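Number of protein chains: 4
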Amino acid sequence: MIKASIIGGSGYTGGELLRLLTAHPEVEVVQITSRKHLGEYAYQVHPNMRKQTTLKFTDPEMLEPADVLFLALPHGKAQHQINDWSGKAEYLIDLSADFRLRDPALYEKWYGSPHAAPDWLDKFVYGLPELHREALRSAKYVSGVGCNATATNLALLPLIKADLLDMDKPVICEIKTGSSEGGASENPGSHHPERSGVIRTYAPYGHRHTAEIIQEMGLSQVSLTMTSVDLVRGALATVHGYVKPGTALKDLWQAYRSVVADNPFLRIVKERRGIYRVPEPKILAGSNYADLGFDLDPETGHVIAISAIDNLMKGASGSAVQCMNLMLGFDETLGLEFSGLHPI
Amino acid sequence: MIKASIIGGSGYTGGELLRLLTAHPEVEVVQITSRKHLGEYAYQVHPNMRKQTTLKFTDPEMLEPADVLFLALPHGKAQHQINDWSGKAEYLIDLSADFRLRDPALYEKWYGSPHAAPDWLDKFVYGLPELHREALRSAKYVSGVGCNATATNLALLPLIKADLLDMDKPVICEIKTGSSEGGASENPGSHHPERSGVIRTYAPYGHRHTAEIIQEMGLSQVSLTMTSVDLVRGALATVHGYVKPGTALKDLWQAYRSVVADNPFLRIVKERRGIYRVPEPKILAGSNYADLGFDLDPETGHVIAISAIDNLMKGASGSAVQCMNLMLGFDETLGLEFSGLHPI
Amino acid sequence: MIKASIIGGSGYTGGELLRLLTAHPEVEVVQITSRKHLGEYAYQVHPNMRKQTTLKFTDPEMLEPADVLFLALPHGKAQHQINDWSGKAEYLIDLSADFRLRDPALYEKWYGSPHAAPDWLDKFVYGLPELHREALRSAKYVSGVGCNATATNLALLPLIKADLLDMDKPVICEIKTGSSEGGASENPGSHHPERSGVIRTYAPYGHRHTAEIIQEMGLSQVSLTMTSVDLVRGALATVHGYVKPGTALKDLWQAYRSVVADNPFLRIVKERRGIYRVPEPKILAGSNYADLGFDLDPETGHVIAISAIDNLMKGASGSAVQCMNLMLGFDETLGLEFSGLHPI
Amino acid sequence: MIKASIIGGSGYTGGELLRLLTAHPEVEVVQITSRKHLGEYAYQVHPNMRKQTTLKFTDPEMLEPADVLFLALPHGKAQHQINDWSGKAEYLIDLSADFRLRDPALYEKWYGSPHAAPDWLDKFVYGLPELHREALRSAKYVSGVGCNATATNLALLPLIKADLLDMDKPVICEIKTGSSEGGASENPGSHHPERSGVIRTYAPYGHRHTAEIIQEMGLSQVSLTMTSVDLVRGALATVHGYVKPGTALKDLWQAYRSVVADNPFLRIVKERRGIYRVPEPKILAGSNYADLGFDLDPETGHVIAISAIDNLMKGASGSAVQCMNLMLGFDETLGLEFSGLHPI
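Residue numbers (our numbering), protein chains in the order written: chain Y, 1004 to 1347; chain C, 1004 to 1347; chain X, 1004 to 1347; chain G, 1004 to 1347.
A hint or two may mislead.
Chain copies aren't distinguished; within one or between two, either way the pair holds.
As the list claims (entries may be wrong) - As a list, the in silico BS3-like pairs of lysine-lysine whose alpha-carbon atoms are at most 27 Å apart:
#1 Lys-1253 with Lys-1112
#2 Lys-1039 with Lys-1273
#3 Lys-1247 with Lys-1172
#4 Lys-1273 with Lys-1059
#5 Lys-1006 with Lys-1080
#6 Lys-1164 with Lys-1054
#7 Lys-1172 with Lys-1080
#8 Lys-1143 with Lys-1091
#9 Lys-1273 with Lys-1112
No lab work stands behind these hints: they were computed from the structure.
If you're wondering where the values come from, they're calculated on a predicted model, not measured in any experiment.
Sequences are here, hints too, so could you generate the full structure?
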């Protein structure tokens, strides 16, 4: 049993980590911190954890010894504290956006200010096992992933890996997301009467997760268009690009099958009949799967790659636990076996 | 054309008044006030009013002359300011809870503090036309109504009026409500990920609207149990009581038909087949109707009276405009003709 | 008062026509037909019409004299019956897809079979006033519009009219829709447990409404990608294209302002702050407005045009009534003044 | 490893059994039958089971040898086939309503026709471990439970067990349910545009599950009032009764604590602050917990007992697997450890 601590544990990402790690057969959660909820039981903030844990939120200044630290702090915090945190445990997984990008200039362009610890960027591995499995096995510092970037990157991965995508043409990523993506704190736009039933294209361009797609997929012309819809957990990426001349649908099948065969949490969803013909996030709530679909207009080469994930699982805490499994030498799927529910 | 002003116009009740009065053929809205949104266009807060009005929010201290003032302030404000407001217009309709109760002791019991202007309580007429139509025709001061009280009072009205209810037995009112009832300001419980999909019996007893049912229905043993569900607009009251011995279903039919015949915004919904057999709030969004249903267990005398309303219309602003129509001598239904939508 | 009849009145489009025409000050609805619901009151199928109409569904074979016939039949019916229907009233508005396209070859390509009455195609005017206002004023035969085509066409209209769009580059239309678009009949995919909370890109390409965009916007490279989301009424089109070199954001502002000034039911929604910054369908339920937004990436020329509508109003019955107003010489907005609700 | 088969596996109850048993460490699912979906992969009907199982639906006539049979057939089937099924495996759990009641007269009263196998009624144990744990340990035939009955019975259990409830006074059970309770087959009322956002008191009295409350709680005066709300999984029972004179809130605390201590899947939810103060079904999706709350009006003795469950888990398949664990001597909670999700 290894010991794990969750720093910044009152948000949705921290809660999901608590759920996963508490049920993980090789992990003992020794601490969860929250300044705001100091002294409260963790289950008072994460009510699904009643009868699952008796941990209370503690002060992040008073750290218990642990093997792995999960940092689930707001974006921009960890880069100022990394020298401290890095000394507290052998393994560190930071779920914020702070250490996802390798290039300080790319960070500054998309986040609007210089990175506070640029020397640390190279020490981190980008925490998506489907992209960096081998590097993760020997990593000590791992970043989290952006949920929208993850949906997009996994949609594109088979096309990129098989070199089927025309990289000179623009890639347009249309992402639809649920409300949990906005975090656990309320704001005027998350007020239920205002948020219920919305179809709100709130960011036509410029979403910060674009940087992770540029970095990981090697794309230059790529845009993310973000639309909020009425769901709590889940994100769907519908990605439009163009294949290289001569690419046929069977090439896509081969590319997707190959990637899915190598990755335990990827599935192809492309049925000819029935009502579950395409990837849909709703049945993925709580699961670590990414479901992938695709289609091709052979006349124009317009390819549509689709990926559905649970933004709190494969898009955040699930991938982080999967990374921990790789870093610590556990089975990659350990503690992540939940299949998701149907109906839901 | 009469001139109307809305004091405290940035909330949901104020927005609904703005919508109704702007479209009302006999009314010109001359002012809408909001300290918080001072100087903003009203349509920036009530986006359905784009191209409907060019009014901006103004300072409540700077009042335009008007014939009717609608006060849509937070509960507890108007009772401290009533001497001021009452001099500003010939007609005053206060939508808060401040002047709904006639008895200062009843107010203090349910609201937890003494009323600040007890002498004014007698000057107000309770603003539900189905209960006080004649008094409203000559009233200058009219109170609003509690939405949950209104759903319950209208469910019970036919039974009370026909003297069919056993007043010695307890009446249990189970009320299910949408999220707009909580007002336009966000709070942790209204955050979409927390509020979506809830079935939350948040108040087993003690809801303040109980006082209006006691007062208006003459009931002594009555309790309100409040459950939040996933809907924005709408409230359903399912009211359990006992009929007097000898009461048959046909007596109920007669009682309900009689009340519905007298009231343009009441309808009986009690079909034997199809999917619209009982009152449902969802099709009432934007309409001023209250739909009434009932059923009787002849063995036990257990009667269930059901009433569905739009909490912002018949439960607040719609009834207020209906009162204005009566006070000013307009047709009672003027400006309130919208039928509601299906599907929705 | 003119007399109007609704043929095929039990679906959602027919119900919306009944609602609008019943409340229309210049129209008397003399008949609504339904074979399936023959003899039932219209309000038993359209429950919002209780106390609004006492019409019963009648047999379409037994036609009352009327000035205007609205055909709200399933797609593919009217083209086989047009010779009959055309003789029954002076004005005919067909809401199906049968007479929207002028070119029989375009029809056959997108609908998969030859048109049954190709000679009639030229006699119809495409029923979107924003595109054909003048022709509609003298038309006797008017087609309906596809809801997704309408959202897209209105999003693009300002760009096309001001000749700002690079017509040689592909236009990708991402459309998100509510469940009422699928009609009033249930199917496995519309079962609530399966349909609630979905984000389902059910048609990556090939939606039939594409043909109306090709025809009306003169586009050749255009694709529609359809995604179902959790909402009943509403459609949002997020349209990706490229502007001609040298086009700046201020040119877009001018183009949109110009089109909005000419059309009573178009509005620009593009706010810098607040939560209502972009077009959203939810507040349009029941209204005939189309809200338009746009944004430009000046580096790449990537333009995103957004349009929100109520698919049953501007996308179907609302536009049909607006057409009737133009055909009959009424004020164009008559009977279509409902502003929509907020919150909803 | 024991072998289990699911007869009638294409519905929601069957799908949930498949999910639970596939992940159960002591069970191998050897067969799942469906005439309607014969030959299809189980994951085509239960899409959460992709990559979890490669079973196909088989013919119920062609039975594999198994230790436990789960019958998930429509109500009314099993009683005609029980002599056949009972010979096919050592253990049989029937999830339908057919063998829940011990008294044939009670069955006939609530189900409207005589039972087809009254001799079998005594051989079955009612499958709620919280009521019949010891009997289940040695049972061969176990019935399922009604979901609404279960929510109600668990709400009342502490009061009944501690003898605090005045059995001479009526007990009114107000139950709010999600849409999955209606099963996997669509109908006009389950069509998303009609079902979304409903608050529909569809059954004021007479719900068949009442019989299970009468039988298990020993109540004579009890009524169930059923209201559908917008949620897929979940049921909340808000139960109104009266305590015996002299009963105080602390007696209730003691009664609930005692029952919760004895039952691994019961929890008390009664917080003074925060937003998770009362039992709510949404966070129970996929979990086997029943969350219990209560409150007392000391003036009148009016007690409100609240219970939230996932209707497909504790209200159906979860309890069935819990019964299997007891029958087979496994740990009672085995395979049922999933905590539920938050947010959801």
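Quick rundown of the hints versus the structure:
{"no.": "1", "hint": "Lys-1253 with Lys-1112", "verdict": "between (39 Å within a copy, 25 Å between copies)"}
{"no.": "2", "hint": "Lys-1039 with Lys-1273", "verdict": "between (45 Å within a copy, 22 Å between copies)"}
{"no.": "3", "hint": "Lys-1247 with Lys-1172", "verdict": "both (10 Å within a copy, 17 Å between copies)"}
{"no.": "4", "hint": "Lys-1273 with Lys-1059", "verdict": "between (45 Å within a copy, 18 Å between copies)"}
{"no.": "5", "hint": "Lys-1006 with Lys-1080", "verdict": "within (23 Å within a copy, 52 Å between copies)"}
{"no.": "6", "hint": "Lys-1164 with Lys-1054", "verdict": "between (45 Å within a copy, 23 Å between copies)"}
{"no.": "7", "hint": "Lys-1172 with Lys-1080", "verdict": "neither (36 Å within a copy, 43 Å between copies)"}
{"no.": "8", "hint": "Lys-1143 with Lys-1091", "verdict": "within (12 Å within a copy, 55 Å between copies)"}
{"no.": "9", "hint": "Lys-1273 with Lys-1112", "verdict": "between (37 Å within a copy, 25 Å between copies)"}
When each numbered hint is compared with the structure, a violation occurs for hint 7 only.
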